Amino acid sequence: MKYFLRRILWLVFAIFIALTINFMLPRLMPGDPATILIQRLEGLEPAAINAVRNAFGLETDKNIIIQYKDYLIDLLHGDLGISISHYPTPVWNVLRKALPWTIGLMGISTVLSFLFGTLIGITLAWKRKSRISDAVLGLFLFIRSFPYFWFGLILVYFLAFNNPIFPLGGATKVGLMPADGWEYIKSILYHGILPGMTITITSMGYWILTIRNNMINVLAEDYITVAKAKGLSMSRIKNLYAAKNAILPSVSGFAMALGFVIGGSLLTEMVFSYPGVGFMLYQAVQQQDYPLLQAIFLFIILGVLFSNFIADIVIMILDPRVRDGAKK
Amino acid sequence: MIKDMLKLFITNRKALLGVIILSIFIFIAVFAPLIAPYHPKQSSDQEGKFQLRAAPSSKHLLGTSHAGYDIFSRLIYGTRLSLMVGIVTGVITTFIALTLGLLGGYYGGVIDDIISFINNIFLVIPSLPLIIVIASYITIRGVWPIIFVLSFTGWAWGTRVIRSQVLTVREREFVKVAEVLGEKPLVIVFREILPNIISLVMATFFTSTIAAVIGEATLEFIGLGNISAVTWGTMLYWAQNNAALLYNAWWWFLPPGLFIGLLGTSFALMNFAIDEISNPKIRKR
Amino acid sequence: MHFPVKKFGRKEEYVHAMDDISFSLYQGEILAIVGESGSGKTTTANVVAKLHRPTSGEIYFNGQEIYGQEVRKNNLEYRKNVQMIFQDPFGALNPTHTIRGILERPFVIHGLAERSELEAKIKEVLVQVGLEPPEQFIDKFPHELSGGQLQRINIARAISVEPVLLLADEPTSMLDVSIRIIIMNMIKKFRDRDNISYLYITHNLAGARYIADRIGVMYAGMLMELGPADEIIQNAYHPYTQLLRSAAPQPEKDFKENKLTTQGEIPSLVNPPSGCRFHPRCPKAMPECSKKLPEMYQINEKHRVRCLLYRQ
Amino acid sequence: MSDKLLEVQNLIAGYQTKMGRVLAVNDVSFELKKGELIGIAGESGCGKSTLAYSIMNLLEDNGAIFSGEINFSGDNLVDFSAKEIKQFRWQKMSMVFQSAMNALNPVMKISEQLIDALKAHQKGISEKEARKRAEEMLELVDIQKDRLDAYPHQLSGGMKQRVMIAMAMILNPDLVIMDEPTTALDVVVQRNIIEKIEDLRSEFNFSIIFITHDLSLLVEISDKLAIMYAGKILEIGPAAKIYSNPLHPYTKGLMNSFPPLTGEIEEMSGIEGKPPDLLNPPAGCPFYPRCEKRMEICKTEMPEFKELENEHQVKCYLYQGSDNLE
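Chains as they are written, first to last, in full-length UniProt numbering: chain A, 1 to 328; chain B, 1 to 285; chain C, 1 to 312; chain D, 1 to 326.
Mixed in with the good hints there might be a few duds.
[As the list claims (entries may be wrong)] When the alpha-carbon atoms are kept at most 27 Å apart in a straight line, the in silico DSSO-like pairs for lysine-lysine are as follows:
| # | chain 1 | residue 1 | chain 2 | residue 2 |
| --- | --- | --- | --- | --- |
| 1 | D | Lys123 | A | Lys228 |
| 2 | D | Lys92 | D | Lys18 |
| 3 | A | Lys228 | D | Lys83 |
| 4 | C | Lys253 | D | Lys241 |
| 5 | D | Lys274 | C | Lys140 |
| 6 | C | Lys259 | D | Lys145 |
| 7 | C | Lys123 | B | Lys176 |
| 8 | C | Lys253 | D | Lys33 |
| 9 | C | Lys80 | B | Lys184 |
| 10 | C | Lys123 | D | Lys274 |
| 11 | C | Lys259 | D | Lys241 |
If you are wondering where the hints come from, they were derived from the structure by calculation, not from laboratory data. Bear in mind the structure is a predicted one, so any value in this text is a computation, not a measurement.
Produce the entire structure from the sequences given, and follow the hints as far as they go.
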């Protein structure tokens with residue numbers, strides 16, 4: 001329980017830090033980007049200019065601590081400011097539309113890539129003497145070296161453009177509504193396959209590599225020899241004795257990996273014009289919609305922190321040593 | 001010992017392949033003017049203006065872009081900046097990671113607490129969104145801002161692994177022996193600890209260089225780089241923004257990505273080899 | 001010259017690795033500290049080596065408190081006088097340096113030799129520890145030598161600064177059995193030759209008896225008994241010393257003859273038992289033992305024991 | 001003899017490396033009776049663990065038995081198929097490993113790890129029966145049965161090694177190989193465990209191969225003692241005989257390496273030098289370079305066992321000619 005409380009405490013604390021970073025970043029930038037921006041955005045309504053000023057903390061009449069207080073209070077009320085590109089829609093309303101798409105696409109792809117990556121990694125370590133294992137490992141090392149977005153482009157080119165098996169982009173067929181029921185869901189799945197594949201395949205390399213290395217280390221342990229000596233079935237040794245121990249460190253490494261996966265997913269959405277947070281981030285950058293940019297960044301950090309928290313809990317369930325506080 | 005490592009490194013097939021690929025890229029970068037048939041910003045020759053969006057031919061090995069630039073020449077010249085940004089960022093990142101890792105790992109105490117606290121925060125913040133956000137706040141477009149942003153966001157992973165390795169080495173008995181002998185702290189750090197983490201430092205350098213090459217390409221692809229610079233990333237930016245896909249111009253967006261991937265693979269191979277060499281369980285017999 | 005090491009204790013926040021240890025060590029004497037893992041014997045050596053700072057107490061070396069102002073100012077001088085040999089001969093040598101690179105440091109740090117004399121000096125100490133001819137070893141890396149040879153290098157490094165006190169933390173426990181006696185003999189040889197004092201940490205009673213003049217027995221961070229080596233073994237007073245004695249293998253007896261009376265393991269040092277730390281396992285425990293922490297009672301002039309049975 | 005359980009004959013085993021074959025076990029023969037405890041003494045790298053792993057057929061991927069026989073109640077284990085050996089192992093012979101800390105799976109309860117072995121060999125055993133058997137085994141090694149569902153990290157080092165002993169005995173094997181089972185433990189705990197092993201042996205009458213470098217411990221507990229050096233057994237015989245009258249110069253050297261707890265403190269000598277490289281073993285006696293009584297012939301020739309007294313055998317030219325002892 002002590003472990004659980006510590007993780008909760010860290011979560012709360014990290015969220016607080018994330019909020020602070022989000023607040024500080026625009027204020028720390030060298031030069032005076034806001035003024036340049038406002039000049040560039042000339043012709044914008046005064047209210048929109050105000051939104052930019054707010055995002056950059058240019059309310060010169062208030063000192064920074066009061067600004068910070070206001071910022072936190074606004075956040076508590078769900079007030080993330082006004083979007084410039086969708087003026088005068090509040091940022092939250094813009095962002096809200098994108099969130100489900102990203103959470104769905106990224107959540108499913110991440111889980112799939114973890115599952116497949118783990119399975120492949122375990123198999124590669126188990127059969128590490130074979131040439132095929134070496135080749136598969138090499139292939140994923142190779143794929144991992146490419147930018148995600150480029151891999152997405154290639155998939156689009158070959159599987160959507162040259163051979164129109166899948167759609168070029170978007171999340172559903174234009175015109176379909178949730179009211180269309182099954183048709184709508186089918187369309188979502190159909191549109192999700194290529195971007196999902198991109199994320200899954202490109203991020204899988206990481207899991208394969210780490211699990212494989214962990215597994216090789218575990219296979220050299222005495223308790224594996226004991227299990228063999230006891231005459232246990234190979235599948236039991238592989239799954240219960242070796243794999244379970246090999247997965248633990250990579251679940252705790254989930255935190256670091258997730259950063260890469262999220263980065264990759266954002267870009268994938270851009271390539272596929274998938275109406276999620278990543279694509280929105282892209283548009284916000286293009287249109288210099290700083291309030292929206294800030295809010296997206298905040299949500300990504302929150303997502304990561306929350307996923308980390310889940311990974312911590314999973315570790316707690318899987319590893320009795322962590323549960324007892326005997327480790328870390 | 002270090003000599004042995006080098007020997008193992010060179011005799012390792014994966015490492016050798018990695019070194020060969022990297023050498024080819026370095027060769028291309030250095031001798032770009034001799035290899036490329038045209039200047040990257042040249043859109044005509046004595047025969048007149050180049051055809052726009054031409055398909056590959058003997059004149060233009062990889063065709064031309066929407067502005068009539070020779071894509072093959074841009075690919076060759078692009079190697080220069082892409083490689084430079086990757087390696088410079090790799091060096092800076094590794095240097096930061098090594099300094100902080102040694103500092104925190106050896107001295108411990110408050111210094112270490114502060115370093116690992118900041119380190120932990122940077123570890124959970126996903127780097128790409130952070131890179132994008134920072135880059136979009138920076139209004140100057142060019143190579144150095146990119147290097148700055150990538151270094152600023154890329155040091156955390158290396159610091160963490162180096163720090164924890166330093167912590168382990170620090171507990172080794174030869175470090176205690178050095179203390180008992182009266183060795184000065186700086187000598188202990190550089191003479192006793194550093195040589196024992198060289199392979200990890202190299203691995204950090206390789207890993208951060210791959211990350212930097214991909215990160216650079218990503219930033220430029222989104223349009224947050226200097227779009228007039230000639231790099232693999234900007235090539236992809238122009239290809240994307242001029243609907244290369246719709247023109248079926250595979251020769252435009254395929255090669256830059258392939259080059260990025262190959263460069264990344266070469267570093268990954270060397271990294272993997274180091275892992276094999278320094279992990280006794282994999283190396284064993 | 002005479003230097004008492006007096007009363008030092010180390011109380012970390014939670015771990016009582018050492019509590020209220022007092023003993024003196026005389027010039028040219030080998031004092032063995034015997035104990036099981038977790039008894040605090042290694043911490044004792046580390047504190048004297050100034051690798052750990054004790055939370056309270058004093059250690060006097062040649063009349064100066066070693067954690068005091070004077071010594072801190074002349075840290076290098078203390079380092080020259082007090083050296084340490086570690087348990088793991090491989091771990092104590094940096095794998096990235098040659099033997100030359102390792103053995104030149106003591107001379108360089110303490111300014112004991114000119115650059116030009118280094119080679120000769122290194123060869124000299126190599127010969128002293130029996131690594132002959134020295135040319136064969138000087139440019140080798142640690143991984144090219146055997147455990148016994150490496151421990152000789154470690155001894156060579158320690159004696160090259162001509163120390164007055166040598167701390168030896170289980171210097172033979174990781175070596176092959178046939179080499180152990182040789183290393184012990186070498187340690188004795190340098191005592192006889194240079195009058196070096198040793199604090200010899202070990203878990204092996206028979207080894208301690210072989211090498212030491214006096215033996216101190218530690219349990220759960222406390223010194224339980226201290227006296228002349230043979231007397232501690234043949235005529236142990238403390239029930240724990242008696243237990244250790246009966247647990248040691250005795251090939252000359254039939255196995256069934258000596259059965260242990262005590263079970264259990266060393267208690268956690270985070271929450272050590274109240275009173276005498278051995279009382280939960282002690283076959284002779286009295287109700288008082290759980291309440292009162294015994295002092296070191298004098299048995300005879302040279303023999304002290306921390307047990308209420310011997311209260312005068 | 002009818003009560004013979006194990007007979008190892010001319011066993012040669014080792015590892016295939018890039019630089020060649022390492023013969024860690026080189027022509028080893030010995031016999032073991034039912035209920036007997038044979039101690040195998042030797043220093044690190046002498047091949048004693050390889051011998052144990054060969055008998056268990058647990059050599060690593062690059063290890064192999066090159067020739068020789070391991071007869072177990074009449075069956076030659078070397079000829080067994082993988083399936084047969086899997087059936088046989090743990091049922092008839094089991095093993096206790098050096099480091100109990102690493103020999104237990106950290107993420108499984110000890111109950112599961114004990115029951116595992118039962119289920120693998122007794123198909124159809126019910127969960128309840130298996131659990132009951134596991135409880136009995138724990139009680140046998142003096143661990144309260146409420147610790148059955150503990151995880152390894154919740155037990156002390158000594159308790160873990162007890163669990164390993166319980167695990168090794170759960171199928172009631174005829175032979176238990178113990179590879180340095182107490183080396184990592186403190187003297188008192190070590191003593192407790194050794195006493196437990198002795199109690200169990202007299203109760204269940206199984207045989208033990210006990211491997212350690214601690215000769216003084218071995219002499220005390222073994223019926224029979226084998227002295228191993230550089231892959232070869234140099235001397236073998238009743239433990240008391242070897243202790244009172246060691247024959248081989250290496251055995252003498254080893255005996256002279258353990259200071260006694262009683263009697264006069266005499267200057268001891270140990271053995272100078274280091275064991276030979278098993279990649280390029282010497283042609284003659286492997287102990288030749290370190291031997292104080294070496295003769296010219298020892299450099300190139302290795303003698304066979306010579307039985308000098310009842311069951312006390314030695315491989316040394318000092319004893320080849322005569323039938324009398326010194």
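Checklist entry - So which of those numbered hints doesn't the model satisfy? => result The structure breaks only hint 2.
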